[in-house]
Each structure stands twice: as C-alpha cells, then as structure tokens.
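K.L.:
The whole structure should be built from the sequences, with the hints applied where relevant.
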Amino acid sequence: MKRAGFSTKWMPIMLLMPQLVIIAIFFYWPAWHAIQSSFYLQDPFGFGSTFVGLENYTDLLGNSEYRRVALFTLVFTVLVTFFSLAIALLLAVKADNVLRGARTYRTLLMWVYAVAPPVAGFIGLIMFDQSWGPLTRLAGFFGWDFVLGVNFNDTAAAMVLVSVWKQIPVNFIFFLSGLQSIPRSVREAALIDNGSATGRFWDVTFPLLAPTGFFLLIINITYALFDTFGIVDTLVKGEPGNNPMTLVYKVYVDGFRGNDLGGSSAQSVILMVLVLALTVFQFRLIDRRIHYT
Amino acid sequence: MKRIAFTTAATLAFAANAAFAETEITWWHAMGGALGDTVNQIASDFNASQDEYKITPVFKGTYEETLTAGIAAFRAGEQPNVMQVFDAGAATVIGAKGATIPVQDLLADNGVDFDINDYIAGVRYFYADSDGKMIGMPFNSSTPIMYFNVQALEKAGVSAPKTWEEFQTVTAPALKEAGYTALSQSHLPWIFTENFHSRHNLPFATNNNGYDGTDTQILVNNDAIKAHFSAVKDWKDNGYFEWFGTGWGDNQTPFEEGKVAMWLGSSGSFGGLSKKDLPFDFSATMLPYWEGVTKEPTQTFIGGASLFAMAGHDAEENKATAAFFDFLTSAEVQYFWHKETGYVPITEAAYEMAKADGHYDRAPAAEVGIQQLSLPGGDNTKGYRMGFYVQIRDVMNREYGRILTGETSVEDAFKTIEDEANNLLARFAKTQG
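Listed in order, the protein sequences are those of chains E and G. Note that full-length UniProt numbering numbers the first sequence so that position 117 is 117, with each residue one more than the last. Note that full-length UniProt numbering numbers the second sequence so that position 35 is 35, with each residue one more than the last.
If you are wondering where the hints come from, they were derived from the structure by calculation, not from laboratory data. Where is the CB? At the ideal position from N, CA and C, for every residue including glycine.
Quick look at which bits of chain G chain E covers, simulated, 3 or more residues with Cβ under 8 Å: (1) 96 to 104; (2) 237 to 247; (3) 386 to 392.
P.N.:
In structure tokens:
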C-alpha cells in the first residue's frame with residue numbers, strides 16, 4: 001500500500017496554522033506575559049515598574065498565609081477527588097445492576113451535571129444560610145453549631161460538600177459507561193469462579209475499570225484545583241476574610257481585587273508548573289502501568 | 001410617498017446634527033440597586049438640563065470590579081471619562097500620576113469656580129494630595145454611625161451609648177437582659193480600625209497617615225486598638241456582640257430582623273433602611289469612643305467613593321466632564337442625592353439647604369453622619385493613603401475573623417497585620433518606582 005503524504009512541506013504547515021495561531025495567541029502569549037510580569041512589581045495603570053528578580057516568588061514562599069492556602073488546597077483536592085470518585089463509583093455499580101426504570105434513574109443522577117459552579121455555590125449558600133438553611137438546621141440537630149462564613153472548618157466543609165455534589169454526575173456517567181463496556185463473557189466467567197459479589201468487584205471489575213478511573217482521577221484533580229473557583233467565590237461572597245480559599249482563588253483575589261499584578265503573576269506561574277508536573281505524571285508514570293483493554 | 005421620504009430624510013439629518021452637537025461622555029460606577037437608579041436619575045437630569053453634553057452612566061459591578069475594569073480599559077486606551085473609585089483604591093489611582101486629571105485642575109481649566117472650603121470639613125482632603133489639592137471629587141461619602149432599634153432600647157430602659165465604657169457596663173447588659181444581642185457591625189477594617197484611629201485622633205500610619213510619601217509604615221499595632229479588640233472578643237464571649245462573617249449584609253440582616261438591637265453601619269445605609277418595612281422604629285447616633293483613650297473624640301473619616309476624571313480624552317470631552325462635576329456639586333443635586341440615599345451632602349451649601357428644607361426635623365437620623373464628619377478634627381483625621389490597601393483590608397478581615405473565632409490571640413493578630421501590611425506597602429512603593 002502506498003503511504004499517503006503531502007507533496008510539499010508547506011501544505012501541512014498551512015493546514016496546521018489556524019490551530020497553531022489560536023494556541024499561540026490564547027495560550028503561549030498570555031503565559032509568556034505572566035512569566036514576564038512575575039519578575040516585576042508594576043503600577044496597575046502601567047506607569048511605573050521595578051524589576052525585582054525572584055522577589056515575588058520569595059515573598060510568596062516566605063509568606064505563612066500562602067503556605068496555609070496551599071495546604072488547604074491540597075487537603076481540599078484530596079477530599080473532593082476521593083469522595084466524588086468513591087460516591088460516583090458506588091452509584092454507578094448500583095445503577096449498573098438496575099434493570100427496571102434504569103434510564104430514568106440514570107438521567108436523574110446526571111441532572112446535576114448541568115448546574116454551573118456559581119449556581120451550585122449559590123445553592124450551597126441557601127442550604128447553609130446562617131439563620132434558616134435546612135442543612136444548617138440538620139447540623140444543629142446533631143449538635144453541630146454550623147456557621148458558614150464565620151467558622152473556617154464549617155465553610156471548608158460546605159465547599160467540599162458542594163464541590164463533590166457537583167462533580168459526582170460526571171464521574172457517574174464515565175464509570176457507568178466503563179462498567180457497561182466490560183464484556184459480558186468476562187463477568188460470566190467470574191461468576192463461576194467467585195460467588196461473592198464484593199470479591200468479584202475487587203478482583204475483576206475494579207481492575208478493568210482502571211483506565212476510566214485513572215482518567216477520572218486526573219480530571220477530578222484538575223476540577224478540584226481549578227474549576228471549583230465559582231463555588232469558592234460564591235460561598236465566600238467575594239471576600240474570603242478568615243474563610244478558606246484555594247490557590248486559584250488567591251490568584252484572583254490578589255490580582256483582580258488587589259491589583260498586585262506581579263505577585264498574582266508569580267502565583268499563576270507556580271500553578272502552571274503544577275499543571276505541567278501533573279501532566280508529566282499522567283503521561284510518564286502511570287500511563288504505562290495501566291492496561292487498556 | 002415623496003413627501004414622507006423627504007420628511008424622514010430631514011428628520012434623520014436633524015437627528016444627526018443634534019447628535020453631532022452633543023459631546024458624549026461615559027461614567028463607570030459601582031452603584032447597584034436603588035443607588036443605581038438614583039445615579040441614572042442624576043445623569044438624565046444633567047442631560048435634560050442642557051443640550052451640549054450627554055453623559056451615559058454604566059454600572060460595572062462592585063467597587064473592586066469597577067476599579068479593575070477601569071485599569072484594564074485605561075491600559076487599552078478605552079477608559080471612561082469619569083470613573084468611581086472607592087476609598088481603599090484611592091492610593092492606587094492617585095499614585096498613577098497621568099491616569100487622572102486632578103479635579104481641581106479640570107474645573108479651573110474649564111472656567112468652573114472652585115473653592116475647597118465650600119466642601120464640608122470631613123470630606124475635603126480625603127482624596128487630596130499632600131499639598132491639599134483635590135484630586136478626586138468626593139461623590140458618595142459616608143461615615144460609620146450607630147443605628148439602633150428604638151423599641152429594643154426602650155424595653156431595656158437604656159439610651160444609645162456615647163462611649164464604649166457605657167456600652168459594656170450599662171447598655172449591653174440591659175439589652176442582654178431584655179433578650180437582645182446588643183451589637184453587630186458590618187465592616188471591621190473600616191469601622192473598628194480606620195475610623196477607630198480617626199475617632200480617637202490616633203496616627204494610623206507614618207508619613208502623615210501616608211499622604212507624604214510611599215515609604216509608609218502602618219501604625220496599627222498599638223495598645224489602644226488591641227485593647228479595643230480584646231474588649232470586642234469579651235463582648236462576643238459575654239453575648240453582647242455577635243459577628244456574622246466578613247460580608248456586609250450578613251451583619252445587617254440580624255439588626256433588620258430585630259435580633260440585634262444596635263448595628264454599626266454606614267450613614268449611607270439610611271436610605272435603604274428607610275425604604276425597608278422594618279418591624280420597629282430605628283434611629284441613629286454617633287460612633288461610640290473610649291473615654292479611657294480620649295476625652296475629646298474627633299471626627300471620623302469618610303468612606304464610600306469618589307469620582308475621578310480619567311486622562312487621555314480631548315479638551316471638548318474634558319469640558320463636558322467639568323460641566324457634569326459642576327452640576328453634580330450644585331446644592332440641589334447634592335441635596336437630592338443625600339435625601340435619596342443617605343450619603344452625606346458634600347458641600348456646606350447643600351447641608352444648609354437640607355436644614356432649611358426641614359429634612360432633619362423629619363428624619364433626625366439622616367443628620368448624624370454629617371454631624372460626625374463636622375466634629376473638631378485633629379492631626380490624624382484628614383484621611384489615610386496606603387497602597388495595596390484592598391489587600392491590607394483583606395489581611396485585617398482574615399486576622400479579625402480569627403480573633404473572633406478564637407483561632408488566634410489579639411497580640412499575634414496585630415503583629416501579623418503589621419508585618420503583612422508593611423510588606424505590602426514596601427511592595428507598593430516599588431510599583432511606583
């Protein structure tokens with residue numbers, strides 16, 4: 001068979017151009033600007049600026065508050081990722097077994113997917129309202145004096161809860177389709193070997209779900225790190241005060257509320273490095289250990 | 001048919017002419033809700049009052065969002081003619097020399113009479129430079145005052161406290177006895193920090209509260225304010241005071257619901273409270289002070305925001321901006337704004353007009369803000385000017401929240417605020433280099 005190819009070098013480049021231009025204008029150019037301004041302290045209006053070298057970075061790393069926000073982001077990401085994956089998996093396994101009314105059940109579970117993060121945050125605000133929120137009352141029933149916006153841990157709990165609730169449907173859809181792509185023959189063979197449903201799940205189903213699970217793990221980590229912005233913003237009402245916030249939200253608070261362009265750019269660059277590390281981790285380390293069917 | 005076409009053409013030509021003759025200017029502001037309606041009313045009154053200029057007000061979101069939008073627009077060369085900037089953003093916009101035209105110069109260049117002494121004492125120098133030249137036009141000026149539930153105080157058999165000593169020994173215990181939380185407040189940095197310093201005439205920062213340079217150090221870590229916050233924490237522990245979070249509204253709502261008897265808010269909250277159908281009568285009095293700190297309490301700072309004339313527009317548009325400022329500072333417009341919103345009238349003439357019209361006989365609480373701003377001043381009551389102040393306020397909010405939830409001590413919190421604020425000030429100084 002003849003290999004298909006281009007007769008000139010320019011043709012493929014021309015065809016790639018639109019894509020490359022878009023990437024350059026909307027991704028590389030702003031990223032370059034962020035790196036550049038992270039080495040300066042500049043007047044927001046653009047009149048004065050001083051080259052400060054790595055000072056923006058050393059200021060951040062020396063700031064105990066920044067470390068505190070980073071620690072919270074880590075804990076928050078672990079909790080959100082773990083709970084949204086675990087609960088979604090449980091629901092998917094149960095939904096997979098349902099025969100009667102399966103479609104309705106699945107559709108209902110996916111509904112929340114359509115809720116935008118700020119709206120999810122707003123629903124959280126209503127549910128946890130200080131004086132009449134139903135979930136505040138529920139917590140009160142168990143003797144938990146829940147005060148959103150006042151107590152650090154309470155606000156953190158609300159953030160995790162809303163973020164997990166919002167993410168479960170996405171994970172559910174993927175887990176369910178992953179479960180349904182497991183060949184019937186494999187399941188039937190397992191049924192003969194092992195009588196226990198739990199045993200079958202951990203020995204057969206779970207490893208076969210690993211590619212889906214790994215993909216979702218990365219998706220959920222990025223979700224918890226970046227896409228929860230709207231939820232955090234709504235729950236702290238734009239003014240974090242003593243409430244928890246994530247690293248991405250701090251970039252916004254310092255850059256867009258505080259007009260500290262240099263410090264905010266340095267924080268963005270740190271996050272860029274984090275994403276880069278995450279991507280390398282995804283492709284180099286784990287991808288090789290997961291077997292796709 | 002022909003005639004219709006002719007008249008249409010003539011009408012169009014006429015309309016085009018009219019549009020050409022008018023100089024159009026834009027005004028970006030952060031006044032939402034009922035305040036926004038009043039802003040729109042002022043703009044359309046200005047447009048109706050003459051036919052040379054047309055101003056278009058545009059609501060840009062919160063104070064922070066408006067400032068950020070204005071900065072981005074300025075860098076792109078698309079800035080509005082008039083931009084509203086709030087108190088905490090003043091250092092940023094005034095520091096960027098060349099971004100704005102000092103309002104005093106703008107008015108003088110366009111033949112509008114200007115005398116800084118026409119303005120009431122409390123607002124005169126807040127948005128001025130160190131030489132006393134007015135840079136921003138103090139537009140919506142307010143000051144923190146104490147609102148109280150008249151029936152609650154009657155039930156407890158007390159009157160509104162003048163001093164914090166009276167509050168903690170007499171008023172608060174009686175209100176607690178009567179089943180109320182005595183006090184809440186809506187803005188800890190503004191009311192319990194900035195205005196704590198002006199009310200007691202204490203220096204808030206070096207360099208003449210920051211007006212005389214950018215190598216400023218904050219002086220917030222002092223015994224008077226630490227004693228105040230220790231007292232506030234005690235009040236909270238005793239059930240005299242409650243804190244409902246950093247948000248403004250979260251602390252105002254319990255007062256409106258009648259659970260909290262006294263609330264420290266803005267004199268500009270008066271209009272909103274009057275329009276609400278509260279289940280009780282409310283009135284207001286001046287912000288209490290500590291007799292142990294001073295026997296002669298001084299005036300407070302203004303809060304709110306001012307209007308800046310952005311640079312980079314042609315002379316014709318600047319003339320329109322000057323004409324608008326002239327209209328805005330007229331006694332009639334100021335009195336209208338004051339009456340509708342509760343923000344203080346910024347000129348003596350407007351204040352006199354409100355008095356003559358009997359506004360304060362009908363609503364005595366409406367006068368408290370301006371009375372407090374007209375109290376004797378001191379060396380430290382003119383205002384303050386600190387860069388990255390929005391972030392400094394964020395640090396204060398964070399540490400105060402931690403004090404009140406018991407996560408940190410007063411001593412540690414003020415040390416942290418001092419260190420982080422001074423670091424931010426040093427960073428801001430470098431942005432100006």
